[in-house]
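Visitor: The lines below spell out each chain.
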Amino acid sequence: MPAVSKGDGMRGLAVFISDIRNCKSKEAEIKRINKELANIRSKFKGDKALDGYSKKKYVCKLLFIFLLGHDIDFGHMEAVNLLSSNKYTEKQIGYLFISVLVNSNSELIRLINNAIKNDLSSRNPTFMCLALHCIANVGSREMAEAFASEIPRILVAGDTMDSVKQSAALCLLRLYKTSPDLVLMGEWTSRVVHLLNDQHMGVVTAAISLITCLSQKNPDEFKTCVSLAVSRLSRIVSSASTDLQDYTYYFVPAPWLSCKLLRLLQCYPPPEDGAVKGRLVECLETILNKAQEPPKSKKVQHSNAKNAILFEAISLIIHYDSEPNLLVRACNQLGQFLQHRETNLRYLALESMCTLASSEFSHEAVKTHIETVINALKTERDVSVRQRAADLLYAMCDRSNAKQIVAEMLSYLETADYSIREEMVLKVAILAEKYAVDYSWYVDTILNLIRIAGDYVSEEVWYRVIQIVINRDDVQGYAAKTVFEALQAPACHENMVKVGGYILGEFGNLIAGDPRSSPLVQFNLLHSKFHLCSVPTRALLLSAYIKFINLFPETKATIQEVLRCDSQIRNSDVELQQRAVEYLKLSSIASTDVLATVLEEMPPFPERESSILAKLKKKKGPGAVSVPDLEDGKREGGELNGGGERGPDSAAMSASNASTPSPSADLLGMRSAAPMSAAPTSAGSLLVDVFSEAGPAAPSAAVNDDGFLRFVCKNNGVLFENQLLQIGIKSEYRQNLGRMYLFYGNKTSVQFASFTTTVSCPGELQSHILSILRLNVQTKPVEPVVEGGAQIQQVLNIECLTDFSEAPLLNIKFRYGGALQNLSLKLPVTINKFFQPTEMTSHDFFQRWKQLSQPQQEAQKIFKANHSMDTEVLKAKLLGLGTALLDDVDPNPENYVCAGVIQTKGQQVGCLLRLEPNGQAQMYRLTLRCSKDSVSLRLCELLAQQF
Amino acid sequence: MMRFLLLFSRQGKLRLQKWFTPMSEREKKKIIRDMTTMVLARQPRSCNFLHWKDLKVIYKRYASLYFCLAIENQENELIALEVIHRYVELLDKYFGNVCELDIIFNFEKAYFILDEFLIGGEIQETSKQMVNRSIEASDMLQEDDISEWYEVELFG
Chain A
1 MPAVSKGDGM RGLAVFISDI RNCKSKEAEI KRINKELANI RSKFKGDKAL
51 DGYSKKKYVC KLLFIFLLGH DIDFGHMEAV NLLSSNKYTE KQIGYLFISV
101 LVNSNSELIR LINNAIKNDL SSRNPTFMCL ALHCIANVGS REMAEAFASE
151 IPRILVAGDT MDSVKQSAAL CLLRLYKTSP DLVLMGEWTS RVVHLLNDQH
201 MGVVTAAISL ITCLSQKNPD EFKTCVSLAV SRLSRIVSSA STDLQDYTYY
251 FVPAPWLSCK LLRLLQCYPP PEDGAVKGRL VECLETILNK AQEPPKSKKV
301 QHSNAKNAIL FEAISLIIHY DSEPNLLVRA CNQLGQFLQH RETNLRYLAL
351 ESMCTLASSE FSHEAVKTHI ETVINALKTE RDVSVRQRAA DLLYAMCDRS
401 NAKQIVAEML SYLETADYSI REEMVLKVAI LAEKYAVDYS WYVDTILNLI
451 RIAGDYVSEE VWYRVIQIVI NRDDVQGYAA KTVFEALQAP ACHENMVKVG
501 GYILGEFGNL IAGDPRSSPL VQFNLLHSKF HLCSVPTRAL LLSAYIKFIN
551 LFPETKATIQ EVLRCDSQIR NSDVELQQRA VEYLKLSSIA STDVLATVLE
601 EMPPFPERES SILAKLKKKK GPGAVSVPDL EDGKREGGEL NGGGERGPDS
651 AAMSASNAST PSPSADLLGM RSAAPMSAAP TSAGSLLVDV FSEAGPAAPS
701 AAVNDDGFLR FVCKNNGVLF ENQLLQIGIK SEYRQNLGRM YLFYGNKTSV
751 QFASFTTTVS CPGELQSHIL SILRLNVQTK PVEPVVEGGA QIQQVLNIEC
801 LTDFSEAPLL NIKFRYGGAL QNLSLKLPVT INKFFQPTEM TSHDFFQRWK
851 QLSQPQQEAQ KIFKANHSMD TEVLKAKLLG LGTALLDDVD PNPENYVCAG
901 VIQTKGQQVG CLLRLEPNGQ AQMYRLTLRC SKDSVSLRLC ELLAQQF
Chain B
1 MMRFLLLFSR QGKLRLQKWF TPMSEREKKK IIRDMTTMVL ARQPRSCNFL
51 HWKDLKVIYK RYASLYFCLA IENQENELIA LEVIHRYVEL LDKYFGNVCE
101 LDIIFNFEKA YFILDEFLIG GEIQETSKQM VNRSIEASDM LQEDDISEWY
151 EVELFG
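In order, the protein sequence lines correspond to chains A and B. Under our numbering, the first residue of the first sequence carries the number 1, and numbering increases by one thereafter. Under our numbering, the first residue of the second sequence carries the number 1, and numbering increases by one thereafter.
It is possible that some hints are incorrect.
As the list claims (entries may be wrong) - Simulated crosslink set (SDA-like; lysine to any residue; CA at most 25 Å straight-line):
#1 A:K217 with B:S64
#2 B:K13 with A:L101
#3 A:K617 with B:D92
#4 A:K298 with B:K13
#5 B:K18 with A:A14
#6 B:K13 with A:E36
#7 B:K60 with A:L937
#8 B:K128 with A:S297
#9 A:K299 with B:K13
#10 B:K60 with A:D220
#11 A:K26 with B:K128
#12 A:K24 with B:C99
#13 B:K128 with B:H51
#14 B:K28 with A:L108
#15 B:K18 with A:Y88
#16 A:K87 with B:A137
#17 B:K53 with A:D220
#18 A:K24 with B:S64
#19 A:K177 with A:Q245
#20 A:K177 with B:N73
#21 B:K29 with A:E36
#22 B:K28 with A:E29
#23 A:K35 with B:A137
#24 B:K60 with A:D474
#25 A:K299 with B:R42
#26 B:K53 with A:I420
To be clear, the hints were calculated from the coordinates, so they are not data collected in a lab.
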C-alpha cells in the first residue's frame, strides 16, 4: 500500500482499496465487498452514533464500491447528513457522493436542496462553490425549480467572488440546458453579456459558455455580444505571449477563451458594423499569419493550442462564407496540413476541407488537392484518417473529377477496412449515379462494385442500377451485354446473379442476335448459377425464366423442363414452389398475346429520391459531418429519381402473380411508391424523366433549377427536397391569373427558426430597358418558425402582365441548429401556364398556320429523345402543357398538333405547335408558330427539354 | 460541451468516470465498454480522434492510463486534447509525478480537482495557479483536523 500523498488520509479506505486490488478473482472481490457492505450497514444501523469522520470514511467506501460497478442501495441518508457538517472535508465527500449517486428519491432531494440552500446563503465562497458544483453535476428538474431564480442573482451580484461567479455561470448553463423554461431572462441577461468585459479571464472563460448557449437560443437578445466578443478576441490575438500570465498556455495566449469567442461569433452572421467587421477580419488574418510563423516551442501542446484557434477561425470563415480571400487562404493553410507529419493535423485538415468543399468560393481551391487526398486514402496508416479522406473525396467530387474519384474509391475498396466498406460502396454508387454523363460508365461502375465488394452492396444499390437501366432505354443493350460478360466469371457474387437475372429477363433480347449470347446460351449461363444461390435469388431467377419464355419462344421447352423438375415444382420452399407451379401453368395455357401482356417489359419507375442516398443519410445519422446537408440536396436536386424502396424483383412479380398474391408479391408496383408529401406527385401519369437534366454541380449560392423543368407540363409535385426541407407545390391557373400553394415541410425533429421566404422576379424583369414588370407575384408572409416535423403553407398570387421568359426566384432562409441555411429555387412559373386550349378543325389550323408564316414567328428545334416515346406519355405531356391536342389535323397520324392562346394582362398570343416524332432515329422535330416571336422562342426552349 | 470523461488503464480497468449529462447506469456501462474496446484497439501513432455516434471522442494515453473525452460534434478536437493535458498537469501538480496508483487510492481527490477545472461539461478555470489555489485551500482546511481523525482511526 503506497503512502497516501497528501490530505486527510483515510486509512481504513486505503486498506480497503488495497484489499480489493489484491483480490485474485472476481469472486474474491465480490466477497470482500459484501463483507465491507455488511460492516458499513451495521455501523450505520448501530446504536452508537457515528462521528463525522467515520461517516465520511464509510460514505467514501460506498462511493468507491459504486464506482467499481456494484449497486449501492443505502448510505444516501448518511451522505445527506454530511452535507450539513461544518467540516469542509465531510461536506465535500457528502456532495461528491450525491453528485455521483443521486436518485430521484423526492424526500432526499428536498433534504439535499435544503443543505444546498444553506450553503448558497452561507457567504462562504468555498461552500457556495461546492453547492453550485453539486447543482451542476446533478442538474435535475427539481434542482432547477429550487434554484433557477437564485443563481442569476449570485452571478451578477456586485460582491460575488470571482470563483463563485465562474461556478454560478456554468451552473446556470446546466440548468438552462435541463429546464430552459425555468430560467427566465430578465435584467440579468444584459449584465451577463457584459461579463465578456470582465477583468478576470477565468470569469470570461466560464461566462462565455453560458453566453454562447443563450445566444443560440435567443440571438436577438444577445446580439450585443458580437462587438464585445470581437474586441476581446482582438485584445487576446494581439497580445504578447506573456501578457496574460497564467492564461497563456505554452506560449499561446488564452487558447480556450479564443476558441470559445470564435465559436460564439459562429452563432451570428458577419457583423454589420463596418468597424467591428474590419477588426474581426484583422483578427482572422492575424491568426492565419501566425500559422506561418515559426513555433515558439517544440512542445505538441504549443502547436495544438495554436492550431485549435486556427481551426476555429477557419470554421468561422466557412460559416461566414462571404470572404473569398480568407476562404482561399484557409484552404491553402489546410492544404499544408494535409501533408503535415502530425496525424492529428492531417485528420483535421481533411475534415475541415469537407466543409470548405461546399463553398462556391473555395470548391475549386479544394479540388486542387485531389492528388494529396487520393494519396492519403491509399497510404494513411490510420483507418479514421482514411475515412476522412474518403469523405473529402466524396465532398469534392463534381462532374470534372467524378471519373477519377470513383475509380480511386473503387480501387481503394479492394483493400478497404471492413468497417467502412458499406459506406464506401454507397458513396461510390451515389457519385456514379450523380455524375453519370454516359450511363454505360454508371453500369460498369456498379457492376465493378458488385464484383469487388459484393457483400457490402446493399439491396438499395442493386435495386437502383436496375431502376436506372429500366428507365433509360439508351443503356439497356449495353447493360445486358456487360452483365452477360460479368456472369461468365466462374465465381461471381450473388448480387451479380440478381442483377444479371433481372436485366437479362428484361433486355436479354437486345443481345440475343449475337450467337455467342443466344437465348439458350443466356439461359444456361443464368441457370448454371441457380443452385449456388439463396432462395430469394432463385425466386428472382424463376421470374427471369418466365420472362425468357415470352422474349424467346424457342427457349420455352427447355425452361418448362426446368420448371417441371421436382426440385422446382416440389421445392420445400413455398415461394419457389408457387412460382414454379404458376409459371409452368402460365406458360402452358396462356396464348402468346396474353403472355406478352402479362410479361410485358417493366414500366419506368416513378420519380423518387435516390434510395441509396437515403440509406447513406441514415447510416451517417442526423449529424452527418462530411456532406453538408444543403449542398447535398442542391446537387442532387431532381437528378436521381427512381422507385424508392420497391425492389425490382417484387415489381416483376406483380405482373405474373396478380391473381394469387403471395407475401413477396403484393405490389402493384406504382402504387407502393406512394407520394410522400401534402403536394402529391402525379407519379404514374407523367413520367417526366429528369436524368438528362443532371447539370454540373451547382455551387452553394447558385440557383437550383433542377426541379424547375419538371414542372413545365405539370402543376403539382415536390419541387425540392434535401435532408432538412421538402418543398411541395400545387398550382392552378385561369386566364392570366395563377395561384400557387407552397408547402414547406420540416423533415427534421428540430425547429427551423427565422424562416423567411422572398420571391423576386430577376434578370430581364428588372433590368429591362423599358422596365416593364412582366409578372406580378404577391406573396403572403410565412410563419417565422417551422417546428420539427411540421409543414407550413404559403400562397402566391400570380398575374401575368406580358409574356416573359425568366422564372421568378424563390429565396428561403432559415436557421437549423446554429447554421443559417440559404436556398434559392426557380419557381416553376412558365409562360405556358397561361395557355387557354383552343379547339379547331384541320382547315382552321392550317389557315392559321399559314398566317403565321413570318420567319421570326416560327421557332423550330430538332432533338434527340430523352425520354420514352410512348404515345400515351407524349399525349399526357402535351395536355399538361395547357394546349388543346388536336386529332385528325395532321395528315401523318404519328404527329401531334396543338393549339392554344396565352393570356396575359395586355394581350393574347395565339400559338400553334407541331411535334413530329421519329421512332427509328429516336428524334423529334418541334415547330412552334406564335403571333409573338419571343413566345415562339421561349416555348420552343422549354419544350425541347421535355420529350 | 463535453459529455463525459473516462480514465481507464491499458487493461481496460476504469479509474475515473465523469458524466456531464444525466445517463442511466445501463447506458454508462455500455459507453464504458464501447470506449475501452474502441480506444484500446487503436494502433500506436494513430490520430487521437474518433467518431462515435454523434460525438467526437478524443483520447490520449499517459503512461499506463488512457484519458478519453467525448465532445459534441461541433466542438474543437485540438482544444479538447489540451483539456485532457491540462487535467493531467493539474493532477501532476497536486500529487507530484502523478501515477495511476495515486488516482486509485485518492480517487475522491481526482474528482475534486476535476470539479474545480470543469463544471457541467464546460471549462470553469484554465489557469493552473487558480485551480491549484482552490485545491490547496481546501487541503488547508483538512490539515487542521487531521490529528483528531488519526486518533479516531486508532480506535476504530
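Visitor: Against the 25 Å threshold, does the CA-CA distance of K128 (chain B) and H51 (chain B) hold or violate the hint?
Guide: violated (30 Å)
Visitor: Between K28 (chain B) and E29 (chain A), is the straight-line Cα distance small enough, at 25 Å or below?
Guide: OK: K28 (chain B) and E29 (chain A) at ~22 Å, within 25 Å.
Visitor: Sort out whether D220 (chain A) lies within 25 Å of K60 (chain B), counting only the CA atoms.
Guide: It is violated: about 40 Å lies between the C-alpha atoms, which goes past 25 Å.
Visitor: Within a Cα-Cα threshold of 25 Å, do K13 (chain B) and E36 (chain A) meet the stated pairing?
Guide: holds (21 Å)
Visitor: Run the distance test for K13 (chain B) versus L101 (chain A): straight-line Cα separation, threshold 25 Å.
Guide: holds (20 Å)
Visitor: Need the status of pair K60 (chain B), D474 (chain A): alpha-carbon distance at most 25 Å?
Guide: With a Cα-Cα distance of about 56 Å, the restraint between K60 (chain B) and D474 (chain A) is violated, given a limit of 25 Å.
Visitor: So if I understand the rule, the pair passes when the alpha-carbon distance is 25 Å or less; does K24 (chain A) with C99 (chain B) pass?
Guide: Measuring from Cα to Cα gives roughly 22 Å; hence the hint holds.
Visitor: Decide if the proposed pair is consistent with the structure: K177 (chain A) and N73 (chain B), CA atoms, cutoff 25 Å inclusive.
Guide: Within the cut-off at roughly 17 Å; holds.
Visitor: Sort out whether A137 (chain B) lies within 25 Å of K35 (chain A), counting only the CA atoms.
Guide: violated (36 Å)
Visitor: Assess, step by step, whether the Cα of K26 (chain A) is no farther than 25 Å from the Cα of K128 (chain B), and give holds or violated.
Guide: violated (39 Å)
Visitor: Does the structure keep K617 (chain A) and D92 (chain B) at a Cα separation of 25 Å or less?
Guide: violated (44 Å)
Visitor: Does K299 (chain A) pair with K13 (chain B) here, judged by a C-alpha cut-off of 25 Å?
Guide: Violated. K299 (chain A) to K13 (chain B) sits at ~30 Å, over the 25 Å cutoff.
Checked against the numbered hints above, the structure violates hints 1, 3, 4, 7, 9, 10, 11, 13, 17, 19, 23, 24; every other hint is satisfied.
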